[in-house]
Amino acid sequence: LTGTCIDWLRTEPFPFAGANVCVHNADPANCAEIGADGVFTLSLATESAINLTFEGAGAYPSIYPVGTGSEDIAWNFTMVAEAAGDAVIQGFPGVEAADETKGHMAVYAAAGDLNRGVSGAVFTTTPETANGFKYFDNFGLSADAEASTFSGNAVSPNIEPGDYTVAATAPG
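Residue numbers (the working numbering): 88 to 259.
Hints in this document: simulated from the structure, not taken from any laboratory. Here the structure is a predicted model, which means the values were calculated and not measured. Some clues are possibly wrong.
[Said to hold, decoys possible] Ranges of calculated distance between the beta carbons of each label pair, as one might list FRET restraints:
(1) GLY154 to ALA184: 26 to 36 Å
(2) THR89 to PRO148: 16 to 26 Å
(3) TYR251 to GLY178: 15 to 25 Å
(4) GLY181 to ASP124: 36 to 46 Å
(5) ASP224 to ALA132: 15 to 25 Å
(6) GLY259 to ASN112: 34 to 44 Å
[To be verified] In silico lysine to aspartate or glutamate, DMTMM-like type, Cα no more than 20 Å apart, as pairs:
(7) LYS189 to GLU247
(8) LYS189 to GLU142
(9) LYS189 to ASP231
(10) LYS189 to GLU215
(11) LYS189 to ASP173
(12) LYS189 to GLU169
Here a beta-carbon is modelled for each residue, glycine too, at the ideal position from N, C-alpha and C.
Construct the entire structure; sequences and hints are all you get.
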(Lines of atoms letter the chains of each structure in order from A and count residues from 1; the text may use other names and numbers.)
(Lines give C-alpha, C1' and ligand atoms only; values in the text may rest on other atoms or scores of the structure.)
Protein backbone atom coordinates (compact mmCIF):
# COMPACT_ATOMS: atom_id res chain seq x y z
CA LEU A 1 0.00 0.00 0.00
CA THR A 2 1.33 3.37 -0.97
CA GLY A 3 -0.36 6.24 0.80
CA THR A 4 -0.23 9.96 0.30
CA CYS A 5 -1.16 12.19 3.22
CA ILE A 6 -2.39 15.72 2.78
CA ASP A 7 -2.99 18.40 5.37
CA TRP A 8 -6.67 19.27 5.80
CA LEU A 9 -5.69 22.96 5.72
CA ARG A 10 -3.35 22.38 2.73
CA THR A 11 -0.39 23.85 4.65
CA GLU A 12 2.87 24.03 2.71
CA PRO A 13 5.36 22.56 3.29
CA PHE A 14 3.65 19.37 4.47
CA PRO A 15 3.61 19.74 8.29
CA PHE A 16 3.42 16.09 9.38
CA ALA A 17 6.71 14.66 8.12
CA GLY A 18 7.95 12.10 10.61
CA ALA A 19 4.49 11.06 11.80
CA ASN A 20 3.88 7.32 11.88
CA VAL A 21 1.27 5.24 10.12
CA CYS A 22 0.72 1.75 11.53
CA VAL A 23 -1.49 -1.25 10.97
CA HIS A 24 -3.67 -1.13 14.09
CA ASN A 25 -2.93 -3.95 16.56
CA ALA A 26 -0.48 -5.68 14.21
CA ASP A 27 1.77 -8.27 15.86
CA PRO A 28 4.58 -7.77 15.08
CA ALA A 29 4.22 -4.02 14.56
CA ASN A 30 3.88 -2.88 10.96
CA CYS A 31 4.60 0.85 10.72
CA ALA A 32 6.07 3.38 8.31
CA GLU A 33 7.24 6.94 8.72
CA ILE A 34 5.53 9.59 6.60
CA GLY A 35 8.04 11.44 4.44
CA ALA A 36 8.40 15.18 3.84
CA ASP A 37 6.30 14.74 0.68
CA GLY A 38 3.49 13.07 2.67
CA VAL A 39 4.13 9.63 1.17
CA PHE A 40 4.51 6.31 3.00
CA THR A 41 4.63 2.65 1.95
CA LEU A 42 3.47 -0.38 3.93
CA SER A 43 3.65 -4.06 3.01
CA LEU A 44 0.24 -5.64 3.52
CA ALA A 45 -1.34 -9.00 2.89
CA THR A 46 -3.63 -9.07 -0.13
CA GLU A 47 -7.37 -9.31 0.30
CA SER A 48 -7.38 -7.92 3.83
CA ALA A 49 -9.46 -5.42 5.78
CA ILE A 50 -7.36 -3.44 8.24
CA ASN A 51 -7.30 -0.22 10.19
CA LEU A 52 -4.44 2.23 9.83
CA THR A 53 -3.51 4.59 12.65
CA PHE A 54 -1.79 7.95 12.15
CA GLU A 55 0.04 9.61 15.03
CA GLY A 56 2.78 12.09 15.81
CA ALA A 57 4.33 15.30 14.45
CA GLY A 58 1.39 17.44 15.67
CA ALA A 59 -1.26 15.46 13.78
CA TYR A 60 -4.62 14.65 15.33
CA PRO A 61 -4.45 10.90 16.07
CA SER A 62 -6.60 9.18 13.44
CA ILE A 63 -7.69 5.72 12.37
CA TYR A 64 -8.80 4.78 8.85
CA PRO A 65 -10.36 1.51 7.70
CA VAL A 66 -8.74 0.21 4.51
CA GLY A 67 -9.48 -2.79 2.32
CA THR A 68 -6.76 -4.27 0.14
CA GLY A 69 -7.21 -6.26 -3.03
CA SER A 70 -5.03 -8.56 -5.06
CA GLU A 71 -3.22 -5.63 -6.73
CA ASP A 72 -1.06 -2.84 -5.33
CA ILE A 73 -3.18 0.12 -4.32
CA ALA A 74 -2.63 3.79 -3.58
CA TRP A 75 -4.75 5.73 -1.08
CA ASN A 76 -4.96 9.38 -0.14
CA PHE A 77 -5.40 10.27 3.53
CA THR A 78 -6.28 13.64 5.01
CA MET A 79 -4.48 14.56 8.21
CA VAL A 80 -5.59 17.28 10.59
CA ALA A 81 -3.39 19.33 12.91
CA GLU A 82 -4.28 18.90 16.57
CA ALA A 83 -4.98 22.63 16.92
CA ALA A 84 -7.33 22.64 13.91
CA GLY A 85 -9.12 19.51 15.12
CA ASP A 86 -9.62 20.99 18.57
CA ALA A 87 -11.00 24.19 17.01
CA VAL A 88 -13.56 22.18 15.01
CA ILE A 89 -14.62 20.14 18.05
CA GLN A 90 -14.91 23.25 20.23
CA GLY A 91 -17.06 24.85 17.53
CA PHE A 92 -19.44 21.89 17.54
CA PRO A 93 -22.88 22.97 18.74
CA GLY A 94 -23.42 21.71 22.29
CA VAL A 95 -19.78 20.65 22.85
CA GLU A 96 -17.59 22.87 25.00
CA ALA A 97 -14.28 21.09 24.47
CA ALA A 98 -12.65 17.95 23.18
CA ASP A 99 -12.82 15.17 25.80
CA GLU A 100 -9.41 13.48 25.75
CA THR A 101 -10.90 10.24 27.08
CA LYS A 102 -13.09 9.91 24.00
CA GLY A 103 -12.66 9.87 20.26
CA HIS A 104 -14.09 11.80 17.33
CA MET A 105 -15.53 10.35 14.15
CA ALA A 106 -15.13 12.24 10.88
CA VAL A 107 -16.81 10.78 7.80
CA TYR A 108 -16.82 11.59 4.11
CA ALA A 109 -19.25 10.59 1.38
CA ALA A 110 -17.57 10.68 -2.02
CA ALA A 111 -18.56 9.93 -5.58
CA GLY A 112 -16.41 8.89 -8.50
CA ASP A 113 -12.78 9.80 -7.96
CA LEU A 114 -13.11 10.37 -4.18
CA ASN A 115 -12.40 14.07 -4.66
CA ARG A 116 -16.04 15.02 -5.06
CA GLY A 117 -18.24 15.11 -1.97
CA VAL A 118 -21.85 13.95 -2.09
CA SER A 119 -24.54 16.49 -1.24
CA GLY A 120 -27.47 15.17 0.75
CA ALA A 121 -25.71 12.23 2.43
CA VAL A 122 -26.98 11.36 5.92
CA PHE A 123 -24.72 9.35 8.25
CA THR A 124 -25.84 7.04 11.04
CA THR A 125 -23.97 4.73 13.39
CA THR A 126 -24.79 1.54 15.21
CA PRO A 127 -24.67 1.98 18.13
CA GLU A 128 -25.70 5.64 17.97
CA THR A 129 -23.21 8.28 19.09
CA ALA A 130 -24.26 10.59 21.92
CA ASN A 131 -23.86 13.79 19.87
CA GLY A 132 -24.93 12.52 16.45
CA PHE A 133 -23.41 14.01 13.31
CA LYS A 134 -23.07 17.63 12.33
CA TYR A 135 -22.43 18.53 8.72
CA PHE A 136 -20.12 21.06 7.09
CA ASP A 137 -21.33 23.82 4.81
CA ASN A 138 -19.28 26.43 2.92
CA PHE A 139 -18.20 28.05 6.18
CA GLY A 140 -17.51 25.11 8.50
CA LEU A 141 -19.81 23.21 10.84
CA SER A 142 -23.47 24.02 10.40
CA ALA A 143 -25.85 23.95 13.37
CA ASP A 144 -28.80 23.56 10.99
CA ALA A 145 -27.70 21.21 8.21
CA GLU A 146 -29.37 17.78 8.34
CA ALA A 147 -27.28 16.25 5.54
CA SER A 148 -23.93 16.76 3.85
CA THR A 149 -23.34 19.65 1.49
CA PHE A 150 -21.01 19.57 -1.52
CA SER A 151 -18.09 18.78 0.83
CA GLY A 152 -19.57 15.41 1.83
CA ASN A 153 -18.14 15.84 5.34
CA ALA A 154 -19.60 15.31 8.80
CA VAL A 155 -18.21 14.86 12.31
CA SER A 156 -19.41 13.31 15.57
CA PRO A 157 -17.26 14.45 18.51
CA ASN A 158 -16.56 12.96 21.91
CA ILE A 159 -17.75 9.42 21.24
CA GLU A 160 -17.17 6.54 23.59
CA PRO A 161 -14.39 4.13 22.61
CA GLY A 162 -15.74 1.05 20.88
CA ASP A 163 -16.76 -0.46 17.58
CA TYR A 164 -19.23 1.39 15.37
CA THR A 165 -20.84 0.56 12.08
CA VAL A 166 -21.34 3.62 9.89
CA ALA A 167 -23.98 3.85 7.20
CA ALA A 168 -24.55 6.62 4.67
CA THR A 169 -27.65 7.19 2.63
CA ALA A 170 -27.74 9.69 -0.20
CA PRO A 171 -30.31 10.82 -2.72
CA GLY A 172 -30.38 8.93 -6.00
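Now the hints, each set against the structure:
no.: 1; hint: GLY154 to ALA184: 26 to 36 Å; in the structure: holds, 34 Å
no.: 2; hint: THR89 to PRO148: 16 to 26 Å; in the structure: holds, 22 Å
no.: 3; hint: TYR251 to GLY178: 15 to 25 Å; in the structure: holds, 23 Å
no.: 4; hint: GLY181 to ASP124: 36 to 46 Å; in the structure: holds, 39 Å
no.: 5; hint: ASP224 to ALA132: 15 to 25 Å; in the structure: violated, 40 Å
no.: 6; hint: GLY259 to ASN112: 34 to 44 Å; in the structure: holds, 37 Å
no.: 7; hint: LYS189 to GLU247; in the structure: holds, 5 Å
no.: 8; hint: LYS189 to GLU142; in the structure: holds, 16 Å
no.: 9; hint: LYS189 to ASP231; in the structure: violated, 25 Å
no.: 10; hint: LYS189 to GLU215; in the structure: holds, 15 Å
no.: 11; hint: LYS189 to ASP173; in the structure: holds, 13 Å
no.: 12; hint: LYS189 to GLU169; in the structure: holds, 15 Å
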